[in-house]
Structure formats: structure tokens, C-alpha cells
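Note that the protein sequences, when read in sequence, are chains A and B.
Heads up, the first sequence is in the numbering used here, so the first residue is 1 and it goes up one at a time.
Heads up, the second sequence is in the numbering used here, so the first residue is 1 and it goes up one at a time.
Hints listed in this document are in silico derivations from the structure and should not be mistaken for laboratory results.
Keep in mind that this is a model prediction, so the values were computed, not measured.
One thing to keep in mind: the hints can contain errors.
Pairs of lysine-lysine residues, derived as DSS-like cross-links and limited to a Cα-Cα distance of at most 27 Å, are as follows [stated by the list, open to error]:
#, chain 1, residue 1, chain 2, residue 2
1, A, 2, B, 436
2, B, 426, A, 2
3, B, 48, A, 2
4, B, 264, A, 2
5, A, 2, B, 273
6, B, 81, B, 48
7, A, 2, B, 428
8, B, 273, B, 426
9, B, 436, B, 264
10, A, 2, B, 438
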Amino acid sequence: MKWIRPAITTAQAVN
Amino acid sequence: MTDRWTPSRYSTIVRWNGKGGMIYNSFSGAMAAFEPDEEAEVLRVLGKEALHEELSGMASDLHDAGFLVSDETDELAQAQKLHAALNEAKSKHLVIMPTEACNFRCTYCYQSFPRGAMTRETIDGLKAYVRQAAESIEHLAVSWFGGEPMLVPDTIIELSDCFLESCSKNGISYSADMSTNGYFLTKERFMELLDRNVRRFMVTLDGTESIHDRRRALRGGGRTFEKIIGNLKALRDVDAAFAIDIRINFDEDNADEVPDLLTKLFAWFEGDKRFQILVRPVGRWGGRNDDRIPVCDRTASDAHLWELTGLGVERGLPLSETIIDSLMPSGAVCYAAKPNAFVIGADGRLYKCSVALDDPVNHVGQLHADGSMVLDTDKMARWTGSGEERDPVCRTCYFRPACQGNHCPLYRMRTGKRPCPHEKRKIKQVLELIGKTKD
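Chain B with its partners taken away, still in its complex shape:
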């Protein structure tokens, strides 16, 4: 048994000027806040010098949580194994587009809506695929996406019931989430979805009413804010476990108006931790309006992103659990890079990325009515093999276990630049916000 210990290369320590701080390890996913009177011991145990002692007390706890490792541990090899484990995953993640139509026409949308509702052939194919897949996995995760998925609630219910039956029959777990504009998310519909394990929702509000309605109008014009917020308010008295990420997309057009929205959100959802905020910068995602979107440059995006998120947390709104999840080992790896994940179009076309829907390199295969998938393995490899295995800088990064160089393979393909997650670039600020949210 070794008695020489060294701090893990994947640890981050944040100190709050004598008021304690936070520690986080991207390989183990462990995260903790320490008190001012614990700071000296944290710094001693996780300092630059190796420890030669039998571990006890806090040192033993920090070792158990992965912050302190034997000096014989090959942490780079451990990270490589984590990355390789995605190839052996006993789970599947399906991002399903039950329709590619949408009742909104948001100014910055990247989709071109060439197809409508999912075909019967594809619905049958999905059912057959899941029936077969459920026999050899331990977990199925489904993300309902679109288009606007709630345009076709009957399809979602039909597929969900089939998925639940297949998972139950094989004794495996099933979870689901949904990205929806919220316009049709009535309490009645919401309860139907909760009954089918859809527990996390992402609904976008881009500012107070006039700002939001200018950016996220109905197809053909028409206001949407009042309807969405009415639906969300109606969910406050639902007695069930769920989470709603209120996503706020910002660019130069609305960034200054977001604080007003945060104030209102707190007034509406004060004390209900199920309503959480997720602020994201708008990008030029490939849509027809790209040239006209006043996107923030990267420096301004980073600054606004955490400044606005911080304002929300200060006002008492919880930070989205999605952000905390993204700090976990493999938590920031995009599904586009995971071998066990697919985006499934309404016509059964298989994609890796949910943004570059018109890019031929993203057309990786086809789902057929009998549940078989025909895949182009060369195209698949472009998405799954472009991360840490090809980037030596990623391999030495403290955040490697979380993102594996694969946070956004599309960004790397299009720009040739490293797709470092927003959270990694401002990790100390993010940990501080998590600490405040969890107080």
C-alpha cells in the first residue's frame, strides 16, 4: 500500500478571500465547499508537495473523492480509459425529432423546416429499434427535439408508451427530456409528459415581453411571451419532481435587457428550485438570418454569459443543474461525439449533430421501418474521433475527463479551433455560482 500521495491533475481549487472556497475534480466529478477554518488543511493536503503519511480525517476524505491520488497513479491513462469507455457504453441516447415543423420563427434560428411530422414508417422503425436495443443496454435516454415537439403530442405519447414498455420488459431504466418553445406546454400536456418520464424541460425566454416577442414570434407573426409564461406559472402548483431550464439566449440586441427578465422571473418563481436559469450566447448556427444576427464576440459572450448568470443567482434564481452536470466526467461531451447517440429526423434520417442538419457530413445513416439502422461508419468517425485522441493540448488539460476535446465537434470542424466549453473557460466563476446556488 502506497503512503505517497499527490494532488490529482484534474482538481480545481477556488478560494474566496478568507471566506472558504470550493474544490472540484473533473475525473471523479466530486465537488465540495470548504469553510474558512478548513482552508489551511485543504491547501496542505492538495498543495504542490507530495504527502508522505497515513491518510486520516479530511485527507482521507479527499483521497476517497479523487482529489488526492497515489503517486503511482497514471492519471492520463485513467482519462484515456474513461474516453474509451464511451465505446462500451451500456446506454443509448436518442435525440428525436417527432416533427421538423415549428410554429415559431425565431430571428436566430438555424433550421429550415423542410419536413413536417414524423412518418409512420419512422415511428414504426423507432419502436422496433428500441425494442431490440433494450435487450442489450441498461439505460435509455430520449431527448424530444424538433422543430417544435409539442406540435405532435400524440406521436410523443405513442412513442413514449412503447419505449416505457420495452424498457420495463427488459428491466432497464428510461429517462427523457424535452426542448420546447413552451407555447403548447399546458398543465394538462405537461402532466401527460411527466407520466412518461419526461422530467427536464428547456423553454426559452429571451427577455421581458416586448423583447422576447420581437425575437421569438409566431410563424406569420404574433406574440408568444404571454402564452409561454402563463403555461410556466401554471406548473408551479404541480406536486411532482421535474426541472425546467429557462434558457435565455443573448446577443448584442437583448443582452442589456436580460436583467429585467431575471427580476421578473424571481418574482414569479421565487423559492421554487425546479425553475432554473440557463443563459447562452446566440451563435451563427447556419440559418438563413446568420448575416443579420448581432452576435457577441467570444470575449463579450464569456463576460455577458457569467455576468448575467451571476445576476440571476444573486437574485435567488437557481443555476441550471445542466451546468453542474456538464462538469461531471464525460458530462460535457456532446452527443454528436458519442458512439451511442443519434439524432433521428422525422423521415428517419440519422444525424450526429442537431445543428448542422443540412451538412452532408452529418447525414450518417437511415433508420428503416424494421428498426434496422444503415450507418456510414466513415462519417460517424468524423464526429466521434476528432477530440482528445487528435489533440495533444486537450490530453493535458485539467478539464479533459469532462469534455474529452469533444464539447462541440461541429465547432472544431468549422473553425479548426479547440471547442473549449464556456464552463471550462471560466471555471472559478462557475464554481462560485454553484456554491451560491447550493448554499
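Chain A on its own, in the form it takes in the complex:
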């Protein structure tokens, strides 16, 4: 599995 983007949190997504 090659990760292209990691999971992000809601706070990261918004800010």
C-alpha cells in the first residue's frame, strides 16, 4: 500500500 495522502483531522482540514 502506497500512501499518497495521510488522514487529517477536522481541525487540520479547516485551519
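Based on the hints, put chain B in the right spot on chain A.
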């Protein structure tokens, strides 16, 4: 601790006929490519049946990345919280028009250029506003827009220096990007902008020289392609991190000519991943030439858009990171719909949308010289409250966390139709292109 797991409703799986595939989750933003020998396990873990097991290996990784959730998780409530979080954002996004004048007269432009350079009162107002705002946020993002922003580089530098000082004083981060026609983007100017955190640029080329010059001529007539491409080529030996979206706007007039441009772009920028392609259909955006623009209909637009983007990627040009960003949670929400974003005109007028500049519903307020903003909250709500909260179809969509029904509030206002992003409508093709770009 639960031991019942179910696949997230926000996941997409693309399989490439036995050659592996891609997975993507619009709530977590996670994205991965899997190999052919991993496919069976991906399909087992993310299949329709709930899992009853202690997670390990790939299943554990997929859970950590948001693809697998506890069967007690209320994913609709999670998406609603994400949407509500925009109201509590600790960031500001300012789309600034340091001038509303332009040295180009593109055939499909929607702007009417009623005003010139930013007034001293507005420059002072912006500085004061940012000084105050920087005390209570964690990040400031600025998009330099226009008109053609590089007609007034001194204003951009003056404002940037002030913004950087305010952000530094408060220990917050600052990022900036610029939409420019590229005509004045000399290496010297570019370096001044890089020094001021402008790291992403969008420059439009509409085809090879004669095609581009026919569509994007100087005000009063005159060619522009040679100057722009000369400027871009000069940036290849700049030793710094930046990204240039080479935007290609197409309609029936030039769609067939775009492949020639892609071939040339690869010859000029081969191997330099900082030069990326962003293909977009031209729309009737409200300009004086609208009736004469040979726009593609929606079906043709979708087909051309990804066919041309695919040609570029096949020829070795990177897909714009902007497209990948738009798949992230809240990544496809337009600034027009975000409570923490404003478009600021050269005279201090505040807008939500950067397209409908002459529409009274878009005149949401005024910035004054002391940095105060007077806002019409009813008009603001027309832009920020017309998405998923009013559209039950959006609330059940797999792409909801990314766009929240708010990819283009203007489109919804003008047509009454759902503004689904281009990427959402062709997500499997898009993921395939991302996979190829990231190989």
C-alpha cells in the same frame, strides 16, 4: 471497545483490472494506491459485510486512515460537525484585488474593469484589519487576484510585508498564492514574491502561440504568449519550493488544439514537478462577451476536461496539486461559502464571490481605513448557508465532507442546480490520474 467494523460511507475504491487500484476517503482525506496482491484484502476489509475481528495489519491501517469505522459511528453527524467547524475556523482567507485593472482583454473574461488600483484608504484598512485579526487566528491565507495583480507589484510588496510582520508578531503562519496572467512575472519579480511567501501561482495558457494570442490578447491588441512562456522558462532554474498551475481554459474554439500545447509544455518543463497542469472549461461567467463564447455543454466539458488532463499526465506533466487538495475534507468548499473568507475590492468593497462582482447580492460589506468591516449578515448567509444544510441529496453523498454542497454557491443561485464539482462527477478517472502522477 467495539469489534464490529463497517466500511466508511465516504470511501471510494477504484480497481484497475487486476493491476491494483486506489482508495480514497473524503472525510479523512486519506488516499492510497494498492498493489495487485493487496487487492483481495482491500476488498475483504472494505466489502459490504461488517467485520467482526480484532484489527491487525492492513485492516488496522485502513481503520486508522478512516476507511473502516466502528459500526457505532454516526458518520452523518461527523460530516455535519466538519461543516459546522468552518464557523469556528481559526484561520482567515483574504482574496485581495490590489487592482481591478488588467492589461489583457481575454475573449471570455467576465470582469468589466470599472476601477483601477487599490486606494490608499483600502491599503491602510487592510493593514489594520490584518493587525487585529492576527491576534485571534492561527493562520492567514492570502490570494492575490485582480484584475492583473502584477500591474501593482509595489502594493503587493507593501501589504505582504505588513501581513508577514503581523503574523510573525503573533506567532501565526502565513501563506499566499497568486492568479496572474504571467505577462509581468519576471524572475526578479517572482523572487520578490517568493520572499513574501507567495508559493503557488496560477498562469493561463490557452493553446500554442497563435491560439493563445487570439484568445488572450493585450488590451488594445497585441500578442502575449511569447512573453509569458519566456517568463515561465526563466523560473526553471530558480532553486526554491513553489508550484505553478498552468491553467488551460478550453471551449469549442480551442479544445482540439490543447494537445499540441501539452506536447510543448512537456518539452519545456520535463521533469520539473513544480510546473503542473490545471485544465478547466470556460463558462459564461457574466461578461460582456457571454453570448459569443462557444462554451462546451456539460457533457462535452466533462469529457474534454479529463481527456485533456489525462493526455497531459500521459505525456509526463504533473496533475495540479490543487485538484488533489480539492478532494480533502472541506477542500472543495468555495471561499464564497466560507464564513472566514472575503474578497476585497480595490475600493474596499467586500464580496463573497470573485466572479459575480456586479451582482448586488455579492456586495456583502465594506472595509474602512481603520480596519473595521461593516457586513450585511443577511447577504453573507445567502452565500454561506445554501449548501448541505438545505440539500438532502448533498447530505447523503459520498463527497459531502469535501464540498458540503458548497463548491459553487453562485451556480446554485443562478441555475437552481446542485453545484457538484468536476472531480466528484468523474472521481474514478481523477483517482487514476492522481495514481499516475504519484507513480
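Against the structure, the hints come out as follows:
1. A:2 / B:436: holds (12 Å)
2. B:426 / A:2: holds (22 Å)
3. B:48 / A:2: holds (23 Å)
4. B:264 / A:2: violated (31 Å)
5. A:2 / B:273: holds (19 Å)
6. B:81 / B:48: Since the Cα atoms of residue 81 (chain B) and residue 48 (chain B) sit roughly 26 Å apart, the hinted pair holds (cutoff 27 Å).
7. A:2 / B:428: holds (17 Å)
8. B:273 / B:426: holds (24 Å)
9. B:436 / B:264: holds (20 Å)
10. A:2 / B:438: Holds, because 10 Å separates the two Cα atoms, which is no more than 27 Å.
Consistency note: the structure conflicts with earlier hint 4 alone.
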